[in-house]
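*Asks:* Sequence:
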Amino acid sequence: EFAFLNSVDSFFALSSIRALFGTNEQKNAAHGSDSAVSAEREIRFFFPNCVVEPIPTGPPATDYLEQNV
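Letter 60 of the sequence shown, counting from 1, is numbered 60 in the UniProt record's numbering, and no numbers are missing.
Simulated from the structure, these hints should not be mistaken for laboratory data. No residue lacks a Cβ here, since even glycine has one placed at the ideal position from N, Cα and C. Hints may contain errors.
[Unchecked claim] With a straight-line cut-off of 20 Å between C-alpha atoms, the simulated SDA-like cross-links for lysine to any residue are: (1) K27 to L14; (2) K27 to C50; (3) K27 to P56; (4) K27 to S15; (5) K27 to I17.
[Claimed, not checked] Here are the computed distance ranges between Cβ atoms for each label pair: (6) E40 to Y64: 17 to 23 Å; (7) E25 to P59: 38 to 44 Å; (8) K27 to Q67: 15 to 21 Å; (9) P56 to A29: 27 to 33 Å; (10) S15 to D63: 21 to 27 Å; (11) E66 to S33: 26 to 32 Å; (12) F47 to F21: 38 to 44 Å; (13) N24 to F45: 34 to 40 Å; (14) A29 to Q67: 22 to 28 Å.
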């Protein structure tokens, strides 16, 4: 998981978003997918009308960033 999310239990993540805003392991204020495949599945579940396109990597990502950022 990302460092800012840390443990799923806010009790063990004292300086994380979960510790600041979560109350327990079940109500931990934030979610981070464990993989790109999980993220795509979860996005489709929570946001069924959202278009999920493949995230570019390598040269296509570099080209996009150079042109748009």
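*Asks:* Check the structure against each numbered hint from earlier and tell me which ones fail, lowest number first.
*Replies:* 2, 3, 8, 10, 12, 13, 14
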